[in-house]
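There are 2 protein chains.
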Amino acid sequence: MLPRVRLAYETYGTLAPDRSNVILACHALSGDAHAAGWSDEPDAPSAVDGFGAEDKGIAPRGGLGWWDGMIGPGKAFDTNRYFVICSNVIGSCRGSTGPSSLDPETGRPYGMRFPVVTVGDMVTAQRELLRLLGIPRLLSISGGSLGGMQAIEWAVRYPELVDSCIPVASTPRLAPMGVAWNFIAREAIMSDPNWRNGDYYGLEPPTRGLAVARMVGHVTYLSAQSMWDKFGRRLQEREDYSYSFAPDLAVESYLRHQGSSFVKRFDANAYLYLSRAITYYDLARSHGGGSLERAVAGVRARFLLLAFSSDWLYPPSDSEALAAALRAQGKDVQQVTIPSSYGHDAFLLEEARQTELISAFLAETYDRVRQSSAVQR
Amino acid sequence: MLPRVRLAYETYGTLAPDRSNVILACHALSGDAHAAGWSDEPDAPSAVDGFGAEDKGIAPRGGLGWWDGMIGPGKAFDTNRYFVICSNVIGSCRGSTGPSSLDPETGRPYGMRFPVVTVGDMVTAQRELLRLLGIPRLLSISGGSLGGMQAIEWAVRYPELVDSCIPVASTPRLAPMGVAWNFIAREAIMSDPNWRNGDYYGLEPPTRGLAVARMVGHVTYLSAQSMWDKFGRRLQEREDYSYSFAPDLAVESYLRHQGSSFVKRFDANAYLYLSRAITYYDLARSHGGGSLERAVAGVRARFLLLAFSSDWLYPPSDSEALAAALRAQGKDVQQVTIPSSYGHDAFLLEEARQTELISAFLAETYDRVRQSSAVQR
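These protein sequence lines map, in sequence, to chains A and B.
Convert by adding 621 to the 1-based position in the first sequence; the result is the number in the working numbering.
Convert by adding 621 to the 1-based position in the second sequence; the result is the number in the working numbering.
By construction, these hints were calculated from the structure, which means they are not laboratory data.
You may find that some hints are simply not true.
Treat identical chains as interchangeable: a pair holds within one or across any two.
As the list claims (entries may be wrong) - In silico SDA-like cross-links for lysine to any residue, where the CA-CA straight-line distance does not exceed 20 Å: (1) Lys851 with Ser938; (2) Lys851 with Gly911; (3) Lys851 with Arg989; (4) Lys952 with Glu914; (5) Lys952 with Pro780.
In this text the structure is predicted, and so the values were computed from the model without any measurement.
Start from the sequences and build out the full structure, keeping to the hints where you can.
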């Protein structure tokens, strides 16, 4: 048990007098509380780094939030209507308590003495944050990837507090293919002698292992097609092979850059903890005794589940499986698989179609909520 | 340039008096000359290790050759009719000259002073081997993955020597997705401080980096479906999560085993060199000035191209692209995509359908060759 927890958060838009317009946005593995807008803080923007950010013309080290295309005035999560909150998850290294935080008992960083956190723990911490902010309930909760797991967990854990839920490119449990890549990424970090069983703070950190972990993750976020479109077999600023082990091909050079820029802004232990939480997440196991249908039996939120056709890490079939379980329990659920070549990264890039679907879904949810509270009044 | 090259090879079956029945089998990245039958040599069998071998009930450290299901009496490459040769590629560590061999000039292992070898170099060395063995031409050449690249290269480089060509689960150039995974595997090895720029012989070798590289490769040989079928989210000999970083899930435990057993039989530098050769292979670039059609213009061999539906590393579309180029040049080509859930590993596992197709194709080729030589006589 942690004696004290700090959560970094940001908010966008204006809280309605009746507090009925709150949306919680949940970030993915490498994200943070800075979901939208420009930040002048030097490391605030880094959550977009790597996530296909340059496809959108965002400077890799620029200050735009990780879901800036989706959160803002007139956007999918329209801050002219809604009040959006995003907090950095517990276990991360971007302002919230995690393995790099000081253990008040010893005065030294927790390292691997930090407890293994689950998606359930992340959600419990967010619930506490909302309580402290005086937010009684959520009009909606959304997020991609690990963020979508948090959204699903919220709807199951606190059914009476959630009006709607929008998991994007997510799953009620990670497929073994994803488990494997997460394991390999952790092995890369833990194999780096500089990792020192997690006690590297103040010393040379395990940057080489973390860079390999990031490269592994990064490729799983792309698709075969998006890699052909973006790189093909193009050489990087040369005419012919060097016949060496240097990164001759553009995709090689790109990956090396992704690895080396990531290690400047992310803590290796935090990567281990969040990767472990993703692997452990299994809604049927934790809430349904192995049955997904039973796990969602108590859900009251309406669901909009979005998946992307070329996402092989969180494939559409995972999203469809959750939709089927919800439907079998008589819940209100829409599931849409958006055609895209961007792979898992599509949740950060396919803004037009997501905006269309999310805007309509949120507007309808908000109308219903206001009608129902008018009736109650 | 290498002053001297050694090639390890094995043969199966009997050479016909007119030497018309020779088939060259070419191995993949981690394979070796021991393609078929049982070997008592302690490390001879290891080429099958990991390649889904346990699915076939082959002991992971047993003595069966890597394509034993395909090469032997009555099998696809029927040793009652054909004489099959398999040699370990140059650059490997399984008996042929590679980076772990002694440099005669210095008396020390080459390490990274070994020249970067290409698929073309592998084929040139095989050509020399056949010359020394007095083999004038090949009835057929086949192999999976990197082995298929060698088969293709043979048919293009020595058109007058090759009667037929059977590339399996292969490609005329690696897709950027494959380039990325190969790069990450090499980064994992070269990031291990024990790698010491390749000069680790006689010292602690870079086993942790090589294990990560092998795990990366191994997952790319599987498919999402085969991982569900084989592992699902099953725990390894436990009832509940340990809430730790130990390999709780069966797939995690399996990967760790794959990594640690591989490092006992394979040299890290050899892995780098063969991975680099795979990445560099680009038939259109090397033989067609960028055009695949031009590259295959001089081919005289008949082609049977086999691919597997769930192989995402060497996808059926790559095989189809080569077939289309051959057809456009008026060549004799069959392309078959075999339905399979085994991913890239299918070339080692889907024996029944491969056998049916290859047997018929070889029999027809052999009939034609004998008819044509009877006419000439």
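Now for the hints, and whether the structure bears them out:
no., hint, in the structure
1, Lys851 with Ser938, "between (26 Å within a copy, 18 Å between copies)"
2, Lys851 with Gly911, "between (41 Å within a copy, 19 Å between copies)"
3, Lys851 with Arg989, "neither (43 Å within a copy, 46 Å between copies)"
4, Lys952 with Glu914, "within (11 Å within a copy, 56 Å between copies)"
5, Lys952 with Pro780, "within (12 Å within a copy, 65 Å between copies)"
In summary, the structure is inconsistent with hint 3 from the numbered list given earlier, while agreeing with all the others.
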